[in-house]
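Each chain is listed here by its residues.
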Amino acid sequence: MTATESAHHSPLPTPTALAALVSRVTETMIGMAFSVSPSAKELVPWQQDPGWRTVLLPIGGARPVTVAVAADEATGKAIGGRMFSCPDSEVDEEMLLDTLRELANIIAGQVKSAMSLDQALGLPKVVPPGTAVEGLWRSAVLQPDHGREQLFWVAITDR
Amino acid sequence: MQALVVDDSAAMRRILQRALEQLGWSVSTASGTVEAMLRLQENVFDVLVTDWHMPDGTGVDLARHVRETRSSAQLKIVMVTSESTHEALTTALGSGVDDFIMKPFDTATIQERMTEVMAEGG
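Top to bottom, those sequences are chains A and B. Position 71 of the first sequence, counting from 1, maps to 70 under numbering that gives the first Met the number 0, and the rest follow consecutively. Position 20 of the second sequence, counting from 1, maps to 19 under numbering that gives the first Met the number 0, and the rest follow consecutively.
Bound-form chain A, shown alone:
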């Protein structure tokens, strides 16, 4: 089987696997582990009101895949504060979006490895609130293993 054929057959990561990929990134970079929330309901972050920020990152190639990450404001600021080494209260909107774009990039790199995708990462794009995003998404709602009631959303689609 060639690399391309293998990529075509690699299944999308399960929600639990997505959670593990996110947690590997955040635990290494900022000492913050996440797992699938046992109580959170399915959500569509670009339809949430108010305050969810969403970033998409395409992985183009023989098997196009898009990775999405989203966070409510409290979670985005908590992660941003750790990334920027500053209090959460000092994380402004651009810092929050910068944090999500960078996380999307690193998480997409992990997804590429997990799926054996020999394809280039694209650039992350912020989804304006209220904008509908097409795709059949496999998603997971995550929460930090330690901390307040914060939620982080990660998803992947190949359609």
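Everything labelled a hint here was simulated from the structure, so no lab data went into it. Just so you know, not all the hints are guaranteed correct.
Unchecked claim - Listed next, the in silico SDA-like pairs over lysine to any residue satisfying Cα-Cα at most 20 angstroms (straight line):
1) 124/A / 72/B
2) 124/A / 54/B
3) 124/A / 20/B
4) 40/A / 81/A
5) 124/A / 57/B
Claimed, not checked - Distance windows between CB atoms, simulated:
6) 128/A / 85/B: 35 to 41 angstroms
7) 45/B / 23/A: 28 to 34 angstroms
8) 90/B / 30/A: 43 to 49 angstroms
For glycine and all other residues, C-beta sits at the position ideal for the given N, C-alpha and C.
Please arrange chain B on chain A, whose structure you already have, making use of the hints.
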């Protein structure tokens, strides 16, 4: 040691700058390849630490540009990237990149790797 950190992410610039300053290095930053080329014209650096994918160009293109005038003995180039495929890394090495640091990383790892790279000499 004089380092230039190039990344479009302000968060990543901050993380890398703090890690290298803790080593006692002097660190300048640039938010893209165009700004990096200006910094490189204005100052002398020992090492260039660059992201791969940036809106105004790639770290690979930046490395190729740098290698037109500076050898590895004059300026080390380290790429910090989420790309991990053999083809991608081969492309980067061919452009003049000396070493890679894969994301995600922690502070201790980046400090160890950067110290190793600079100890290897030219």
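Hint-by-hint comparison with the structure:
With a C-alpha separation of about 38 angstroms, the suggested pair residue 124/A and residue 72/B falls outside the 20 angstroms cut-off, and the hint is violated. With a CA separation close to 11 angstroms, the supplied pair residue 124/A and residue 54/B stays within the 20 angstroms bound. Distance restraint check for residue 124/A and residue 20/B: the Cα-Cα separation of roughly 31 angstroms exceeds the 20 angstroms cut-off, and the hinted pair is therefore not satisfied. Pair hint residue 40/A plus residue 81/A does not hold up; C-alpha atoms about 27 angstroms apart against a cutoff of 20 angstroms.
In summary, the hint linking residue 124/A to residue 57/B is supported, as the alpha carbons are separated by about 17 angstroms, within the 20 angstroms threshold. Judged by the Cβ atoms, the range 35 to 41 angstroms given for residue 128/A and residue 85/B holds: they are separated by roughly 40 angstroms. At roughly 32 angstroms, the beta carbons of residue 45/B and residue 23/A sit within the given window of 28 to 34 angstroms. Restraint check, residue 90/B to residue 30/A: a C-beta distance of roughly 33 angstroms breaks the suggested window 43 to 49 angstroms.
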